[in-house]
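**Student:** Listed in order, the protein sequences are those of chains A, B and C. In this text, residue positions in the first sequence follow my numbering: the first is 1, and each later residue adds one. In this text, residue positions in the second sequence follow my numbering: the first is 273, and each later residue adds one. In this text, residue positions in the third sequence follow my numbering: the first is 834, and each later residue adds one.
Treat the hints with care, since some could be wrong.
Short derived list, chain C residues pointing at chain B, Cβ under 10 Å [stated by the list, open to error]:
{"id": "1", "residue": "V850"}
{"id": "2", "residue": "R949"}
{"id": "3", "residue": "T954"}
{"id": "4", "residue": "T957"}
{"id": "5", "residue": "V1014"}
{"id": "6", "residue": "T1017"}
{"id": "7", "residue": "G1018"}
Chain C residues, not near chain B, derived (Cβ > 10 Å throughout) [what the hints assert, rightly or not]:
{"id": "8", "residue": "I882"}
{"id": "9", "residue": "P973"}
{"id": "10", "residue": "V976"}
{"id": "11", "residue": "G990"}
Below, in silico cross-link-like pairs of lysine-lysine (DSS-like), each with a Cα-Cα straight-line distance of 27 Å or less [as the list claims (entries may be wrong)]:
{"id": "12", "chain 1": "A", "residue 1": "K193", "chain 2": "B", "residue 2": "K765"}
{"id": "13", "chain 1": "A", "residue 1": "K9", "chain 2": "B", "residue 2": "K402"}
{"id": "14", "chain 1": "B", "residue 1": "K606", "chain 2": "B", "residue 2": "K781"}
{"id": "15", "chain 1": "C", "residue 1": "K1016", "chain 2": "B", "residue 2": "K292"}
{"id": "16", "chain 1": "B", "residue 1": "K576", "chain 2": "A", "residue 2": "K196"}
{"id": "17", "chain 1": "A", "residue 1": "K193", "chain 2": "C", "residue 2": "K1016"}
{"id": "18", "chain 1": "C", "residue 1": "K1016", "chain 2": "A", "residue 2": "K65"}
{"id": "19", "chain 1": "A", "residue 1": "K196", "chain 2": "B", "residue 2": "K292"}
{"id": "20", "chain 1": "B", "residue 1": "K550", "chain 2": "B", "residue 2": "K506"}
{"id": "21", "chain 1": "C", "residue 1": "K952", "chain 2": "B", "residue 2": "K684"}
{"id": "22", "chain 1": "C", "residue 1": "K951", "chain 2": "B", "residue 2": "K694"}
{"id": "23", "chain 1": "B", "residue 1": "K654", "chain 2": "B", "residue 2": "K625"}
{"id": "24", "chain 1": "A", "residue 1": "K196", "chain 2": "B", "residue 2": "K491"}
{"id": "25", "chain 1": "B", "residue 1": "K292", "chain 2": "A", "residue 2": "K193"}
{"id": "26", "chain 1": "A", "residue 1": "K193", "chain 2": "B", "residue 2": "K658"}
{"id": "27", "chain 1": "C", "residue 1": "K1016", "chain 2": "B", "residue 2": "K550"}
{"id": "28", "chain 1": "C", "residue 1": "K951", "chain 2": "A", "residue 2": "K237"}
{"id": "29", "chain 1": "C", "residue 1": "K1016", "chain 2": "B", "residue 2": "K491"}
{"id": "30", "chain 1": "A", "residue 1": "K196", "chain 2": "C", "residue 2": "K952"}
{"id": "31", "chain 1": "B", "residue 1": "K722", "chain 2": "C", "residue 2": "K1016"}
{"id": "32", "chain 1": "A", "residue 1": "K196", "chain 2": "B", "residue 2": "K687"}
{"id": "33", "chain 1": "B", "residue 1": "K567", "chain 2": "B", "residue 2": "K658"}
{"id": "34", "chain 1": "A", "residue 1": "K193", "chain 2": "B", "residue 2": "K684"}
{"id": "35", "chain 1": "A", "residue 1": "K65", "chain 2": "B", "residue 2": "K634"}
{"id": "36", "chain 1": "A", "residue 1": "K193", "chain 2": "B", "residue 2": "K825"}
{"id": "37", "chain 1": "B", "residue 1": "K506", "chain 2": "B", "residue 2": "K625"}
{"id": "38", "chain 1": "B", "residue 1": "K491", "chain 2": "B", "residue 2": "K707"}
{"id": "39", "chain 1": "B", "residue 1": "K625", "chain 2": "A", "residue 2": "K196"}
The hints are simulated quantities; they were obtained by calculation from the structure and are not laboratory data. C-beta atoms are modelled at their ideal positions from N, C-alpha and C, and glycine is treated no differently.
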Amino acid sequence: MQFFDYVEKDSVLHRINPSLKLLLIMALMFTVTFVYDPYTTFGFALLGMLQLTVLARLPVLKIFKMMLPLTLMLAAITITSIIAFDVSLEQDPVVVLTIGNFLISWASIMFGLTIGLRIFCFLIYSIMFVATTDPTDFILSLILQLRLSPKIGFGTLAGYRFVPLLGAEYQNIHQAHMIRGSEQRQGPLQRIKRLKRYSVPLLVGAIRKAQRVAIAMDSKGFLAYRDRTYLRDVRIKRSDIFYLVIILLTYLLLLAILTHYGITLWGYRSLR
Amino acid sequence: MRDPVISIRDFSLSYDGKHKVLEGINADILPSERLLVLGPSGCGKSSLMLCFNGIIPNLIDGRLGGNLLLRGKDICSMQVNELTREVGIVFQDPESQFSMLKVLDEVAFGLENLAKPRDEILAGSTDALKNVGLIGHADELLSRLSGGMKQRVAIASILAMDQNILVFDEPTSNLDPEGTRQVAGIIRGMPRSKTLIVIEHKLDQFIDIFDKILLLSGKGSMIAYGPTREILKKYLKQFKDMGIWIPQIPRFFLRLKEDNIGTDSLPLNLDQARESIKRSKEARIIEALDSQVQKRIKDGSRPKNAPAVKVKDLSFSFNAGEPVLEDITFTVGKGDFVGLVGPNGSGKTTLAKLMIGLYGLKPPSEIDFFLPDGKIIRERDKISKKCGYVFQNPEHQFIEENVFDELAYGLKIAKYGQDAIKSKTWDMLGLLGLKGLSASSPFNLSQGQKRKLSVASILIMDHDLLILDEPTFGLDFAATTMLMELLSDYNRKGKTIIIITHDMNIIFKYTSRVLVLYKGRLAFDRPTSQLIDHTQLISKASLEVPPLIKLFKEVGEHAVF
Amino acid sequence: MIEHKKKEYGYTTMDVVMIAVIGVVFAILFWAYNQMFAFIFPFISASPITIQAFVGFWFIAGIVSGCIVQKPGAAFLGEFIAAVISMLLGSIWGVWVIVSGIMQGLGVEAVFAAYRYKKFTYFTVALAGIFTAVISFFFPEAVTEGFLAYRLPIIVGMLVVRMASGALLGGALGKFITDSVAKTGILRNFKVGKAR
Chain A
1 MQFFDYVEKD SVLHRINPSL KLLLIMALMF TVTFVYDPYT TFGFALLGML QLTVLARLPV
61 LKIFKMMLPL TLMLAAITIT SIIAFDVSLE QDPVVVLTIG NFLISWASIM FGLTIGLRIF
121 CFLIYSIMFV ATTDPTDFIL SLILQLRLSP KIGFGTLAGY RFVPLLGAEY QNIHQAHMIR
181 GSEQRQGPLQ RIKRLKRYSV PLLVGAIRKA QRVAIAMDSK GFLAYRDRTY LRDVRIKRSD
241 IFYLVIILLT YLLLLAILTH YGITLWGYRS LR
Chain B
273 MRDPVISIRD FSLSYDGKHK VLEGINADIL PSERLLVLGP SGCGKSSLML CFNGIIPNLI
333 DGRLGGNLLL RGKDICSMQV NELTREVGIV FQDPESQFSM LKVLDEVAFG LENLAKPRDE
393 ILAGSTDALK NVGLIGHADE LLSRLSGGMK QRVAIASILA MDQNILVFDE PTSNLDPEGT
453 RQVAGIIRGM PRSKTLIVIE HKLDQFIDIF DKILLLSGKG SMIAYGPTRE ILKKYLKQFK
513 DMGIWIPQIP RFFLRLKEDN IGTDSLPLNL DQARESIKRS KEARIIEALD SQVQKRIKDG
573 SRPKNAPAVK VKDLSFSFNA GEPVLEDITF TVGKGDFVGL VGPNGSGKTT LAKLMIGLYG
633 LKPPSEIDFF LPDGKIIRER DKISKKCGYV FQNPEHQFIE ENVFDELAYG LKIAKYGQDA
693 IKSKTWDMLG LLGLKGLSAS SPFNLSQGQK RKLSVASILI MDHDLLILDE PTFGLDFAAT
753 TMLMELLSDY NRKGKTIIII THDMNIIFKY TSRVLVLYKG RLAFDRPTSQ LIDHTQLISK
813 ASLEVPPLIK LFKEVGEHAV F
Chain C
834 MIEHKKKEYG YTTMDVVMIA VIGVVFAILF WAYNQMFAFI FPFISASPIT IQAFVGFWFI
894 AGIVSGCIVQ KPGAAFLGEF IAAVISMLLG SIWGVWVIVS GIMQGLGVEA VFAAYRYKKF
954 TYFTVALAGI FTAVISFFFP EAVTEGFLAY RLPIIVGMLV VRMASGALLG GALGKFITDS
1014 VAKTGILRNF KVGKAR
C-alpha cells in the first residue's frame, strides 16, 4: 500500500514553520476558489510547481508520474463542469456546441478549465505541504502555535503512528478474504459490503491498540503535569516571517498584473 | 531487614464490584529484588501491574480491597504524577505502546511529561538509548525497527524517567528468538539498584535472574509466594495443571528428582546444569537426558512420498524492487509436516503466500501444485482454492458475524448442501469445544479460541495442503499444545502441513522436515533431527535451540564416565 | 473488562486515542475506497449527479466515532482527524479536505447534539447523514467546485442523490459498522458497549 509521505531532506520549505505553511497554503487555496478564469488559476499552479522544484527541491516529474491516474479524474471533473455550467448566467453566450437542449458556450469551456486547473492547484499545494512537513513537527506546531489541546495533538500523533501498520493490515485482510473466496463478485453493492467486512477487523484491532497505547501514555505521566515541556524546538522564526512576506508579495503581484490587463475574473457571476 | 518498597496485604481487585479479578494477594517486595509473576493467561497479572502505578484506580475504574503500599504509603491516596516518578511499565506489544513516530521523541516523551528542561531531556534520553545500545538509531522511525529493537526503545523510554521500580509485562512474548535474546539480555543487565517485577511465560532465557516467584491461579488468587527454586520444586504439579510453561532445564532436573536422581541445588540455566551434571557424575542423568531429547525430536526418516508441491528456481521481488527470494528449489512430499524458519525479514511469509498463489510469478520461477490424483496445476488463482492458508492474525480472516457462520462460510462458498454444512460445522465445533459459543462474535473469543477458530475454519475445508503463518504467536503453553495436537491429527490423516514459526520447540517436536530461509535464500532443507548438527547455520539464522537439546549436545555426546 | 474513569466534561487519553485511530482507520478506508472505485469514478463523475451517490461514505468517520464515544465533540473530532490524516496520505482536494472534514464533522455533531448525545438510532444517524450532506454541499464543495454556476435542475438532482447517500453510506452503514464492532465486546469500556 503506497501512501503519499513526508520526504525527509533539508530545503527552504522544509524549514518553514508547519502551522504558518499550512495557513498560508489555505489562504492561497481559499483565494483561488474566487478566481473564475483559467489563466490566473494556471498562474497559481505554475507558482506552486516553481516552489516545489526550487524551494522544496522535490523530484517533480517523479511525483507527477505517481499522480498519473489522477489526471483521468481531473479530466472528468473538467468535462463535468463544462457540461453542468449554467449557460443562462451569460447575457450573450458564444455557443460552441449544441447537444440536444444543451448549449456549450465559450464561457462553459473557460469554467470547466478553471475548475480542472483549480483542483490541480489543490493537489500541487497539498503535495507541497505533505512532502516538506515532518508530521511530528506539524502536530507540535499545531499545539504550540495554534493552541491545539496537547491531549488531542498527541492522541492524533499516536493514531497517525498506526498508518503503516493498519495499511499492512488492510492488505492482509484483503488477501485473507480473497483466498476464502469472498471477493469473487465485483458489483457496487458487493464492494460496499466489502467495506463493512474490512472495516470491522481493522477497527477492532485499531481500538484494542488504542486502548493499550492510551494506558502506556498515561503510565508515562501524560498530562500529569499541567505544563509539559518539549524536546523539539518548534516556533516561528524571523525567516518564517520573511518567507511569508515574499510569498504574499509574489501572489499579490501576479494578481495585480493580471487584473490590470483584465484577465483575472472574480466570482462565477463574472463569467458573462 | 530492609523495608519493602511495595507491600501487598490481602489485596483484591474487582472491576464490576461483584466478580473479583485478583484475590488474597500478600507479598513484600524488597528494594532491588527481582520478582517473577506467574499464572495462566487471564489470571489478572496485567491488572496487578496497572495497580502498581495507579493507572487502576486513578484512570481506570476498579475497586481495590486490602492494602497496596508503596514505601509505606497507600497507592490509592497518591496522585498519578507522584507514582509516575516511582514506577515504570514496559508493555507486551511492541506495536502499541508508543505515541511518537521517532525513537528519540519516544524516549523523551516521559521526561517531557515530567516537565523537565530541554537539556535535561536530551541528556536523559541519550543516556537511556546508550544503555539499550540504540543510540545510533535515535533519529529513525519506530516503524522501521524490528520487534526486539522496539522493545528496547520501550525499555529506554522507561529508563529515561529513572524510576526505581520497573515492571515488565510479558516483554518478550511477542518477539522472535533474536528479539527475545536482546531484551532478555537487557533485563538481565539492569542495574541492581532497580526493583524488577516481571510477568513472562517464555522463561528459558532468564528464569535464573529471579529471586522470588509470585504464583497466581487462573482465578487470580495467590497460590504461593517465595524463592524461585522453592516454588518450582513445590508447585510443579500446579504449573502443569494450569498449563504454565516450566523452563526446560529446571523441569528436567525436577523430573530426575522424582526418580531420586540428581543434585541438591536445582539448576536454572545451562551453566548451572552443566556444573551439576559434572559434579554428580551420574550416568543416569545422561540417559534420562538422552531419552528426554529423543522424545522432543521427531523422527524424520519417512518413506519418500509423492510430491505435494514442487518449487523450482523461484525468485521474487515486489514491484521490481530488491529481491525478496532468490533461486529457491525444494519439494514438499504428501503428508509431510514441514517447518519453515528463519529470521524476520528472510522472506518466509512471502514464500508461503507465493505457494498458495497470492502473487504472480515470472519465469523461470515455477511452482507446481499436485492434486491427489497426481495432476499438476500451475494457475495461481486455481491453487488458492485447493490449499488452505492461515494468516498470522486470526482476526484478519474473520468474515462472518458469529462463530457458526464463520466455520460454515467456506463450505457455503464451496456450495455444499444445507445438511452437510450443518453436520460438518457442528462436528467441528464439538471437536474444538466451542459448541457453547456458536452464536457469539468471533472477535469476542479468547486469544486461544480465536486462533482455534481461524485454523478450524480452514481445516473444515479438508484441503490437502495447509500453510500456517506463526499459528502459535502470542499463545500460552496450554493453547499452543492444544493447537499443535489438532494439527498433528490432521497431518496423521495424510494431509500436508507447512508451518512458519519461531518456536523451535514446535519445530523439533512436531515437524519432520525443516526449511531454513536466510536472506531470501534456502539455507537448509533436511530432516529436522539433522538441524542441531548445523551450529553455524543456527547462530547465523538466529534460531534458538531449546536448552535441553543444547545441554544434550554439550554434555551428552562427550560424556566420559 | 476495564472501565475507564468517566470525566463527564472531559476526555480521557483513551477517548482521544480511540477517536484518533477511528479517524486513521477511515482515512485508510477512504483511500482504499478511492482505489476501489478509481476505475469507475472518472466515468460516473462525468455525470455530476451520479458521483454524489458516493459522497456519503466520507461522513462515516464522524458517525462511527460519535456513536462509539458518545461524548460532545467526538463526532466532530473523529471526522476532523480522518480529514487531516487523509490529507497527509495524499488527496487531490488538498487542504480543502481539512475544511470539508470540519464542516462534515460539524454537521454530524449538530444532529447528535440536538438529541443531547442520548439517541444513536438508525433514524438519528440517517438524519445526521442527510444534514451533513446538505451543509457540506454548500460549503466547501459548492465553493471549491463552483456548483453555484451549474444549471438549477442539476443542482437539485445532485442534492437529492447526495442526501440519500449521506443517509445510507454515511449514517446507516456507520451505525451498522458500529453495532458490529460493539458486538465483538471490544467496547465494554464505552456506553455503546454497555447497552448490550
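**Student:** List, from low to high, the hint numbers that the structure doesn't satisfy.
**Tutor:** 2, 3, 4, 12, 16, 18, 19, 21, 22, 24, 25, 27, 28, 33, 36 and 37
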